[in-house]
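Undergrad: Sequence:
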Amino acid sequence: MPTTAHAIRPRRSTRSPRGLAVSGTWSGTALLGSVGSIIPRGHRERAPVGARCSGPRRGRDGAARQRCRRPGAGASAVASGRPSGEGGSVAQPASSTPGTAGAEHRSGRRANPVARFLKALGPGLVTGAADDDPSGVATYAQAGATFGNAMLWTVPFTLPLMMAVQEICDRMALASGDSLGMLIRRRFRGGARTAIVVLMAALIVANCLNLAADLMAIGQGVQLLGAGPAPVWSAVAGVGIVVALVLGSFDWIGRIFKWLCLVLLVYVGVLFAADVDWADVGAGLLGTQVHLTPDYVGLTVGVLGTTISPYMFFWQTAQRVEELREEPLGGDGTAALDQRSVGEARRRLRTGRLDVFTGMVFSVLIMFAIIAATAATLGTRHQTVTSAAQAAQALEPIAGTYAGALFAIGFIGSGILAVPVLAASGAAGMAALLDKRWGLEKSPRKAPVFYLLLGVGVVAGTLLSVFLSNPIRLLVLSAVVNGIAAGPFVVIMMLISHDRTIMHRYRNGALSRTLGWAAAVIMCVGGVYGVWYTVAGG
1 MPTTAHAIRP
11 RRSTRSPRGL
21 AVSGTWSGTA
31 LLGSVGSIIP
41 RGHRERAPVG
51 ARCSGPRRGR
61 DGAARQRCRR
71 PGAGASAVAS
81 GRPSGEGGSV
91 AQPASSTPGT
101 AGAEHRSGRR
111 ANPVARFLKA
121 LGPGLVTGAA
131 DDDPSGVATY
141 AQAGATFGNA
151 MLWTVPFTLP
161 LMMAVQEICD
171 RMALASGDSL
181 GMLIRRRFRG
191 GARTAIVVLM
201 AALIVANCLN
211 LAADLMAIGQ
221 GVQLLGAGPA
231 PVWSAVAGVG
241 IVVALVLGSF
251 DWIGRIFKWL
261 CLVLLVYVGV
271 LFAADVDWAD
281 VGAGLLGTQV
291 HLTPDYVGLT
301 VGVLGTTISP
311 YMFFWQTAQR
321 VEELREEPLG
331 GDGTAALDQR
341 SVGEARRRLR
351 TGRLDVFTGM
361 VFSVLIMFAI
371 IAATAATLGT
381 RHQTVTSAAQ
391 AAQALEPIAG
401 TYAGALFAIG
411 FIGSGILAVP
421 VLAASGAAGM
431 AALLDKRWGL
441 EKSPRKAPVF
451 YLLLGVGVVA
461 GTLLSVFLSN
471 PIRLLVLSAV
481 VNGIAAGPFV
491 VIMMLISHDR
501 TIMHRYRNGA
511 LSRTLGWAAA
521 VIMCVGGVYG
531 VWYTVAGG
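Under our numbering, the residue at position 62 of the sequence shown is numbered 62, and the numbers go up by one with no gaps.
A couple of the hints might just be wrong.
[Said to hold, decoys possible] Result set (DSBU-like, lysine-lysine): computed pairs, CA atoms no more than 35 Å apart in a straight line:
id: 1; residue 1: Lys442; residue 2: Lys258
id: 2; residue 1: Lys436; residue 2: Lys119
id: 3; residue 1: Lys119; residue 2: Lys442
id: 4; residue 1: Lys119; residue 2: Lys446
id: 5; residue 1: Lys436; residue 2: Lys258
id: 6; residue 1: Lys446; residue 2: Lys258
id: 7; residue 1: Lys119; residue 2: Lys258
id: 8; residue 1: Lys436; residue 2: Lys446
[Stated by the list, open to error] Per label pair, the in silico range of CB-to-CB distance:
id: 9; residue 1: Val198; residue 2: Thr380; range: 30 to 36 Å
id: 10; residue 1: Ala227; residue 2: Trp532; range: 38 to 44 Å
id: 11; residue 1: Gly240; residue 2: Arg445; range: 19 to 25 Å
id: 12; residue 1: Trp252; residue 2: Ala115; range: 56 to 62 Å
id: 13; residue 1: Trp532; residue 2: Gln393; range: 28 to 34 Å
Simulated from the structure, these hints should not be mistaken for laboratory data.
Quick caveat, the model's predicted, so the values are computed rather than measured.
Think of the CB as a built atom: it goes at the ideal place given N, C-alpha and C, for glycine as much as any other residue.
Let the sequences and hints guide you as you build the complete structure.
TA: Structure below.
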């Protein structure tokens, strides 16, 4: 049943936002221009005259929040048809004022540029780092060990596609105030929505299998470091992650995720520990070593499927919406771009793009380091690997114990980061599709369906990781489902991001449309080939 949403507190303005000319697309200068434009968040704004406030109220993170309602806002909020607090943006005239950022600028207080850059990083960085989970590490290591540097061309090839797809995800969340699951519910009806729910259920199963393989990798990594049996540590990791997700606040979890991203830099250290032929690396990046054999094409499809995965779409939008919920501007809801001032909307777009682009560059940097390092070590001896743990073991006699230990630490950290992302992305997507409350900032009592899906996924993955000894079959099945789902979900995103009623002035521009549809075609064709290759026994 729809409930009345809380209106956004308006701010006085000396300029009208009618002249706002913000394109939905992005250009190569967007990333460079973003760093200098980030302005720290200012103080909480005062409620408007005549507003009725019920606060203060404390959230799960202990922070006091005040719920204010502007007179006359109830009808427009109810008309939106979305439950209060579910991330939906509430009705608000666009004539808002420049944000608190402008106040800080006028007062002369500007943070250090490096600090502003680091503060801008969030969902985009975490999404990029989580993409390099132990399953992805195993795929990249297999590519380097089997074909040397011949697959390095996939690094510059996938980067613009990843940036485009994830930027579209981020812009959808900012422009609408809704996650991808909520947007699918708004955009599609009848049989189309039912088909998407079935596809989402299959994706949750695939995430669970991938999650189990990642937990197994965590246990194997700890065992390689000499700290005990792998099944025990897999179980400890699974239980610890569930407890952290249920009891921790969104703000605390977000900070932990960002720190875990640093662990992946150990793969760069492994690269420098190996004897790399940089001329051969350059040739691989240029694509001069491509082999048109079934095995090569099959593994290429696996690399693309690992790099552009559906769970990334749901996580990016869901975490961005949760970030918007934490802002004082939206009260209990979210403030979409059209409910913000001209300057604040532009700043939000720039910082979002900076966050996404940084995360995707970080992701492919780790991908490059793993492929190049394993090509320089395992590839020269034609050693085959099927897991991250095998790659770490094989590296020790070639590049030394130091390199093997670093590799193990890397996939332990990436596994701890990826497991909650895999579980929470599917749970948030399905809960939103079912029109249920969701979010890590909500308590289990307020979002029971979300936490039920989250808990079942992690517990099932933990049990599989403890009682199964070989994750390869799990990864193969997970790869098939992800390959089938990736293309359709990109198509769904492209349809939503071009919908004027949802995106308003922030629809896709020419570059976003070109790269987004290119990614959709590539993932659909790759998914079909991947299924055929797997069924044919490749």
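Undergrad: Between lysine 119 and lysine 446, does the CA-CA distance stay at or below 35 Å?
TA: holds (29 Å)
Undergrad: Can you tell me whether the CB distance of glycine 240 to arginine 445 sits inside 19 to 25 Å?
TA: holds (22 Å)
Undergrad: Does the Cβ-Cβ separation between tryptophan 532 and glutamine 393 fall within 28 to 34 Å?
TA: holds (32 Å)
Undergrad: Sort out whether lysine 446 lies within 35 Å of lysine 436, counting only the CA atoms.
TA: holds (10 Å)
Undergrad: Within a Cα-Cα threshold of 35 Å, do lysine 442 and lysine 258 meet the stated pairing?
TA: Within the cut-off at roughly 20 Å; holds.
Undergrad: Is 30 to 36 Å a correct range for the gap between the Cβ atoms of valine 198 and threonine 380?
TA: Taking Cβ atoms as reference, valine 198 and threonine 380 lie about 46 Å apart, which means the hint is violated.
Undergrad: Mind checking the alpha carbons of lysine 436 and lysine 119 for me, to see if they're no more than 35 Å apart?
TA: holds (31 Å)
Undergrad: CA of lysine 119 to CA of lysine 442, is that 35 Å or under?
TA: Since the Cα atoms of lysine 119 and lysine 442 sit roughly 23 Å apart, the hinted pair holds (cutoff 35 Å).
Undergrad: Can the restraint linking lysine 119 and lysine 258 be considered satisfied, given a maximum Cα separation of 35 Å?
TA: Cα-Cα ~10 Å, so holds.
Undergrad: For the pair supplied as a hint, lysine 446 and lysine 258, is the alpha-carbon distance within the 35 Å limit?
TA: holds (26 Å)
Undergrad: Can you confirm whether the C-alpha distance between lysine 436 and lysine 258 stays at or below 35 Å?
TA: Distance of about 28 Å is within 35 Å: holds.
Undergrad: Within 56 to 62 Å or not, the Cβ separation of tryptophan 252 and alanine 115?
TA: violated (20 Å)
Checked against the numbered hints listed earlier, the structure breaks hints 9, 12; every other hint is satisfied.
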